[in-house]
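Student: Residues per chain, in single letters:
Protein chains: 2
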Amino acid sequence: MKIGIVGLGLIGGSLGLDLRSQGHQIIGISRQDVTCQTALKQGIADRASTKFTLLQDVEIVIVCTPIAAIASTVKQIIPHLHPDTIITDVGSVKYPIVETCSQLWSNFIGGHPMAGTAQSGIDAAQANLFEGAAYVFTPTEKTKFEDLERLKAIALDLNAIPYICDAQIHDRAVSWISHLPVMVSASLIKACLQETPETLELAQNLASSGFRDTSRVGGGNPELGVMMAKYNRAELLRSLAQYRDNLDQVINLIEGEKWQDLEQVLDINGEARPKFLN
Amino acid sequence: MKIGIVGLGLIGGSLGLDLRSQGHQIIGISRQDVTCQTALKQGIADRASTKFTLLQDVEIVIVCTPIAAIASTVKQIIPHLHPDTIITDVGSVKYPIVETCSQLWSNFIGGHPMAGTAQSGIDAAQANLFEGAAYVFTPTEKTKFEDLERLKAIALDLNAIPYICDAQIHDRAVSWISHLPVMVSASLIKACLQETPETLELAQNLASSGFRDTSRVGGGNPELGVMMAKYNRAELLRSLAQYRDNLDQVINLIEGEKWQDLEQVLDINGEARPKFLN
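Chains as they are written, first to last, in this note's numbering: chain A, 3 to 280; chain B, 3 to 280.
Keep in mind that the hints were calculated from the coordinates and are not lab data. Please note: incorrect hints may appear among the correct ones.
No distinction is drawn between identical chains; accordingly, a pair holds when it is met within one copy or between any pair of copies.
In silico DSS-like pairs for lysine-lysine, Cα to Cα no more than 30 Å straight-line [stated by the list, open to error]:
#1 K144 / K43
#2 K232 / K260
#3 K277 / K232
#4 K277 / K4
With the hints as constraints, model all of the structure from the sequences given.
Tutor: Given below as structure tokens:
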């Protein structure tokens, strides 16, 4: 297929590498000429340009810009597309994007390939980034069966595992497993920092793998954390409220010295956790 | 030195291996004869017995039983010791143990070598377990300088890093970096499990490294989790209350759409976290 990729960063670049190696023809679009040159040099795209006119006969466009720019990018590319073109995106939140973009373009299908690294930019692009990862698509009632099948085929070309669900269910699920953990973990670091200097210094010296793992996502990219909260605000607030209730229950068990009940909670957790590990 | 180790599990066994290889004479005590045989076979102890009488001329006794048995073990061994013998323990909580045991034996000095594996028992004992790890000692006002120096020398023989602090400050610091993370992480798994089956299943499928790391210690050994809460209850409740306040602040920022303030919190976290990683 002829596939346009708009935004050639880590995700866009990595998609280009893998899809091109699977025989697709890749049209890369970037705001910067130097990025287009890199895309051609690295084998990420067959043709690359800063102009949307190259998109005129692509079958699928994958919008790989930051989440805040997705809707405006869709608006800008629409005048250049054939009416049958499928537009999809790679944003980590789906409901607000799908709400807006499916009104702009009836063949818009939200997408979320769930892979990444700590790096960003085209130089961080790598082959096989999506191997074994989930790739979620969130069709609407208007989505054509064959359009969804074509996107699923792309996910399979990436050796990713396609999942199909409602945009709101996606946002709820990723809040639980990705956005809530960031806030839970961030609150842990934030609380520690309010300790007195002597105890804080000892705590820093004594911290090992338990603290390292529990604090990891709370000490990550601040812009990404704010984006999650901003675009998935409703679902994140919902899961935070439920988390807070459960934290209170744990506090109450410890306060009331209900050791058997606490052990039962930890027992159930220990049995449940492996189902989250793939 | 002639050193007694009472309780030959993962920690006691590993201490024996390293201290014996450093030229110390190790007397191993276990409730079970088969464990004594293993200790001799594995080179963990020079002599091993189920009877405390072997301890009559040791200079230091390291009590390596589970936390709940430390005080009663100290009581049982006292009649067999020379009055100058130093007793120390390896419990992960110090204040309640030091309170009790220093009244039983004036040469009692609390200790906490901060290393371990997911395994337990003498067969899990391994050389160099304590290399690079913190080894905390919590002397009291009555502690003799030279006794503390001898314990510090043992920590150095293990290639561990000795820290000296007040028992309560120790318990406060480990609550922040070890016990609080367990409860924070446990509450995360607990909250997820209350989601509807459809969303829970999707969340399980989509979960990756962020959830894996943040949930790790909350899905760990239930008995250990209860022990922490039981023996470090006051400090854990204190840090849980402070954590809850900070969680509420984060919730309020998201509710109020204070994105700059949220970014500042995450920025500060990102800068602070490396100080906890050794």
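Student: Now, for every hint given, state plainly whether the structure supports it.
Tutor: Hints, one by one, checked against the model:
In this assembly of identical chains, K144 and K43 lie within 30 Å of each other by CA distance neither inside one copy nor across copies; the values are 39 Å within and 73 Å between. Taking identical chains as interchangeable, the C-alpha atoms of K232 and K260 lie at most 30 Å apart only when they sit on different chains, with a minimum of 9 Å there against 38 Å within one chain. Taking CA atoms no more than 30 Å apart as the test, K277 paired with K232 passes in both settings, with 29 Å inside one copy and 29 Å between copies. Taking the closest pair of Cα atoms, K277 and K4 never come within 30 Å of each other, the shortest separation being 38 Å inside a single copy and 49 Å across copies.
Hints 1, 4 from the earlier list are contradicted by this structure; the remaining hints agree with it.
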